[in-house]
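In the order they appear, the protein sequences are chains W and V. Counting in our numbering, the first sequence runs from 1 upward without gaps. Counting in our numbering, the second sequence runs from 1001 upward without gaps.
Worth flagging that the hints you see were computed from the coordinates, not collected in a lab. Fair warning: this is a prediction, and the values are worked out from it, not measured in the lab. C-beta: ideal position from N, C-alpha, C; glycine also. You may find that some hints are simply not true.
Claimed, not checked - Beyond 12 Å from chain V on every Cβ pair, some chain W residues (computed): (1) G21; (2) G62; (3) G74; (4) G104; (5) A125; (6) L155; (7) K156.
Said to hold, decoys possible - Here's a subset of chain V near chain W, in silico, CB distances under 7 Å, partners left out: (8) A1235; (9) F1237; (10) T1248.
Claimed, not checked - Calculated from the model, a selection of chain W residues having no Cβ within reach of chain V, i.e. all distances over 12 Å: (11) R146; (12) Q174; (13) E238.
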Amino acid sequence: MKSRIDAELPFYFGPGRELFGFYHPAAAVAGAAVLLCPPLGVEQIRCHRLYRQLAHGLAESGLPVLRFDYFGTGDSAGESRELAWPRCLADVATAAAELRTRHGGSRVLAFGARLGANAALAASASARLDGVVAWDAITDGDALVRQYDRMQDALKVDLNRFEHARPELDVSTQWPGFERNERLHEQLEGLRLIDPGMASAWLSSALTDEASRPDEGHAGRRICVDVSPRWDDIDCLELAILSHPLLDAAKRLLKEMA
Amino acid sequence: MHEQAFRFGKARHLVGVVGLPAVIDHGVGVIFLNAGMVYRVGPFRLHVELSRRLNAMGYPTLRFDLSTIGDSGASGQRLSRPDQVVADVREAMELLKQQSGCTRFVLFGLCSGAQNAHSAAHVDPRVVGALFLDGYGHRTLGQRLRHYLPRLLDTSAWRRLLARRRASAAPRPAEPLFVVEPLPPKVVREQLAEMLQRGLKLDFVYSGGVSRYFNHIRQFRECFGRLADHPGISASFFKDADHTYVLTGDRQRLLDHVTQWMGRHFPVTRPGT
């Protein structure tokens, strides 16, 4: 166990070494590898431990894993206000290529939560992904933008957080915890869920928010998981998401696809 | 960007990111400790933003995860948690020294990170400064008067309290894990006095998010007495900000404060970029 953890490697990669990655080699490679595509903003921080646990579990069962941060997020280069959706998709492809190089095989599966799922699905062709497991993928970009705006407005007058409400502040260029640019606002507003027709599975939390409510096309294939991340609740901004049912479901589906 | 990721420590159980300025003047390096259970990027990426700003000013930095937090594993040693934290910080200083040549260090910690920074600063002579965000402090008579008196006379506060009582029947998420287990005030004062005697520069920053135990800059003197007059110690109260600096404007004001404090106490002779 110790030697495997010892072999886990944090590193920077990509053309300008701007992307942070964390590679989890598998004890015995079973032919496929898994790319974990993170969600964005505060959701990325909330999911960090869950992604780490998932990476450990997959590596133990023979699937090497690469976790990574998009440009402008986590430990990657760039400021939060530079975050752009097309760059996220390009980063998925860059990370998939890095994973192929490291594990030496060709089959790459992906897992993503929220916008991480959308990124994996939208970049599946350029990243040459062979299957995607999506958890609470965004089905309605307009609803997501409204949700982030609403949460940001609610934050200013949250007396559980502030001693005094701050309604006078202009926070129109922020989403919870992060500065964002107008371009990202527009890019996410028009976002719809892409089903590339490849092997895919749709995990859905017990209570879904407006932005990730399953649409007609996916409702029938939805696998409900007993987890309540409360993506739209400002009381949960600093709460890590931990869920064994979610981990079990994601691992099972990815192993089936492998 | 001159950042490099490392797995380090004798047991290679720790994970961190070193940030280097283009030119290093072998002054001080800055080490970031976890804020509660948040991994090394800090709440809302605070540690990333601040470390890069410090790199631009010429300071090497290391943001890392303590044992069993974030991406770091267990050390395998049988140490108490406080001893393990000090051991981890020592490993972090060793890494930053190897990478930058720095032999003196400033620690930065928010909440339990401040508590851990306090412990490490107290025992390790290589620590020459520390920034404690919502760190040690204790309730005083003044704090209680300032907290309760206005509320007694405020009808809207009573309404909010009653509404909260009613709402408490509904399930609420667990509180964030940002609780500092306090040392007794007398011990904190003695340890701070020892640090100041050793020449450490110490900065305390309190936010409005911890008004349950700190709600006015005057309280710093109420807590620490004559220590508050020592030229090596300073305190600020960011009354408007919340505990984790969720609004970017508040975060920028904090970053400005920290960089000015660093420049004042540990000036860089050859700026980084």
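So, going through the hints one by one against the coordinates:
no. : hint  : result
1   : G21   : violated, 8 Å
2   : G62   : holds, 21 Å
3   : G74   : violated, 6 Å
4   : G104  : holds, 21 Å
5   : A125  : holds, 30 Å
6   : L155  : violated, 6 Å
7   : K156  : violated, 8 Å
8   : A1235 : violated, 17 Å
9   : F1237 : violated, 11 Å
10  : T1248 : holds, 5 Å
11  : R146  : holds, 19 Å
12  : Q174  : violated, 5 Å
13  : E238  : violated, 4 Å
Hint check: violations occur at hints 1, 3, 6, 7, 8, 9, 12, 13; the rest are consistent with the structure.
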